[in-house]
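Student: So the chains spell out like this:
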Amino acid sequence: MRGERADRLYRAGVGLLAGAVPVALGAIAVFVLVDALPALRYMGLGFWTGTQWNLGNQYGGTTASQNGVVAAAGATFGILPYILGTLLTSAVALAVALPLGVGAALFLSEYAPPRLRLWLSSLVELLAGVPSVVYGLWGLAVVVPAVAGGIGPWLSAALGFIPFLRGPVGTGLGLLSAGLVLAVMVLPLIAATARDAMQQTPRALREGAVALGLTRWEAIAGVVLPTARPAIFGAAILALGRALGETMAVLMVSGGSINLLPTNLYGPVNTLAAVIASQLDAAFTDATHMALHALAGIALTLFVISLVVNGTARLIVRREGAA
Amino acid sequence: MSAADWEATAYLRRRHGQVLAEASRRSRAARQVRGRVFGALAALGMAASLFPLLDIVELVAVHGARALSAAVFTQVTNGVSGGLQNAILGTVFLVALGLAVAAPIGVGAGVYVAEWSDARTAAALNYLTDVLVGVPSIVVGYFGFIVFVGDFGWGFSWLAGSLALAVIMLPYIVRATELALSKVPLDLREGSLALGVTRARTVHAVSLPFALPGILTGVLLAMGIGIGETAPLLYTASWSNYNPSLALTHSPVGYLTYVVWTFIQEPFSTAHSLAYAAALLLMAGVLAINLVARQWLGRRGEHAA
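So the protein sequences, as listed, match chains A and B.
With this note's numbering applied, the first sequence covers 1 to 323.
With this note's numbering applied, the second sequence covers 1 to 305.
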């Protein structure tokens with residue numbers, strides 16, 4: 001039977017192609033891990049708990065050996081400031097984007113007239129297509145000056161009794177600017193997912209609420225929001241995953257601090273992704289290659305964090321049958 | 001009434017009961033004020049979501065239009081001045097080769113997931129595809145640096161950059177293909193099979209043509225994502241002031257996103273103009289692709305990865 005043979009061939013062919021996704025994921029994990037191993041052996045747990053990133057003496061030709069691996073004399077690679085910077089920028093982003101995104105979704109799903117809804121939805125989704133360097137450009141031109149000249153001083157004056165919100169505000173390049181730009185970047189994801197979930201509220205449930213004489217808001221708060229809550233939660237974690245891994249926009253507005261633990265909401269920070277992007281040129285100069293292995297260690301850390309966050313988000317979103 | 005219906009009704013009663021009990025504790029005027037306040041907050045959220053988009057478009061359009069000139073298209077970058085020809089061509093080269101790799105693999109993988117794999121395998125592959133979407137692009141870039149630039153010895157090159165982009169674009173194409181094929185009506189498929197047509201022929205002659213608009217939409221959206229990427233290219237394609245050649249390896253390639261990132265941080269106005277011109281070209285390209293993709297599909301939301 002020629003047809004059956006062709007069938008089997010076709011199946012085998014596309015089956016092989018389907019292996020590409022698991023192979024890509026596996027290859028990323030294995031190669032990045034293997035490349036990171038020397039740095040992880042050199043630093044031990046100190047890689048994640050240390051606060052100093054120092055390539056060591058690059059000019060004396062002296063090297064130091066530690067745990068059987070060789071690095072430049074005085075070299076130390078601790079990435080705690082960047083782990084904290086990643087978590088903090090993402091936390092600021094979510095704190096801003098979640099209420100705004102849910103508000104936008106409510107407006108689109110419950111308040112806007114149908115024609116306007118279609119237009120606004122398209123506009124919000126177009127936000128998702130803007131390249132991240134363009135967000136960075138906008139951040140530099142608009143958000144950073146606004147934080148330095150308005151938002152920052154105002155926040156520190158109004159809420160300065162909270163130590164973390166106290167000034168000085170500085171140049172505006174820092175945690176708050178990075179968080180705000182990230183917030184704008186994840187807004188469409190939250191708004192679109194939340195809107196879809198709200199629109200899936202069973203009609204009977206809505207009509208029942210209105211028939212009982214409840215106001216529109218009471219119907220929304222009592223019926224629509226509880227229905228959409230799991231999907232909104234999933235969307236928030238997806239947005240968190242996106243914010244944790246964002247590179248370019250953060251790189252451009254975060255101030256790029258090295259070896260500095262964030263002390264307030266406005267000062268310069270750095271994230272795992274941005275450090276990888278900004279430190280490679282310097283790392284090339286390390287004749288022992290240990291700095292490159294340390295960057296691989298950062299990539300590995302970021303990879304694991306994103307796997308955990310996205311893996312969890314997808315499980316939640318999928319179980320709820322939304323998105 | 002079936003058990004499920006009864007359960008649903010009981011649930012409705014419980015939910016409505018709670019809402020009613022809460023409402024009855026407030027005066028009519030207070031309830032209406034509450035409604036107004038929260039409605040206004042929703043409108044505020046909408047406005048706050050739209051403002052950045054309009055502001056970004058305005059910023060890039062105004063500064064970018066001022067910076068556009070014939071030289072942008074006819075000259076290559078020279079330090080921090082000149083034009084963007086090398087970056088425009090480089091972006092086209094990188095995305096074209098990346099798509100040439102990712103599209104056939106992605107569509108094939110999507111076909112397998114939708115047409116041949118059992119439910120368990122399909123769920124697992126879909127899950128892994130979603131997880132790959134979530135891998136930060138800088139991690140993919142560093143992976144490309146280790147493997148393509150280093151281990152394979154290709155150096156900073158067209159091929160290394162394109163393969164890194166292909167890893168980024170692949171999962172979007174797989175998901176779009178799988179989603180589009182899952183929407184092919186069952187009777188269409190079964191009709192073909194009932195006529196004695198083989199599975200492979202049915203996929204090829206019936207399912208794929210039906211799903212083609214959805215698949216193309218996915219490929220277009222992946223292309224838009226590829227055009228806007230920077231992080232996977234920094235250490236695979238690197239950067240070059242010269243136009244890309246057809247050399248696959250050992251020859252770095254420039255691209256538009258790099259110009260936006262680096263030139264805006266230079267203190268020279270020529271550099272700033274070029275950064276805004278590059279941003280305008282990127283925005284125009286990506287928005288045009290998104291609009292075409294949406295138009296093609298006719299409906300929003302179906303392509304959500």
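Bear in mind the hints are in silico, worked out from the structure with no lab data behind them.
Computed from a predicted structure; not experimentally measured.
The reader is advised that the hints may include incorrect statements.
Said to hold, decoys possible - Which bits of chain B does chain A cover? Going by a derived footprint, with three or more residues having C-beta under 8 Å, they are: (1) 41-55; (2) 109-115; (3) 187-200; (4) 228-236.
To be verified - Footprint (simulated), chain B over chain A, 3 or more residues, beta carbon under 8 Å: (5) 45-55; (6) 63-76; (7) 131-144; (8) 157-171; (9) 305-313.
By construction, the Cβ of each residue, glycine as well, lies at the ideal position given by its N, Cα and C atoms.
Student: Work down the list of hints and note, for each, if the structure agrees.
Tutor: A quick look at each hint next to the structure:
{"no.": "1", "hint": "41-55", "in the structure": "holds (count 12)"}
{"no.": "2", "hint": "109-115", "in the structure": "holds (count 5)"}
{"no.": "3", "hint": "187-200", "in the structure": "holds (count 3)"}
{"no.": "4", "hint": "228-236", "in the structure": "holds (count 6)"}
{"no.": "5", "hint": "45-55", "in the structure": "violated (count 0)"}
{"no.": "6", "hint": "63-76", "in the structure": "violated (count 0)"}
{"no.": "7", "hint": "131-144", "in the structure": "holds (count 11)"}
{"no.": "8", "hint": "157-171", "in the structure": "violated (count 0)"}
{"no.": "9", "hint": "305-313", "in the structure": "holds (count 6)"}
Against the hints set out earlier in the document, violations occur for numbers 5, 6 and 8.
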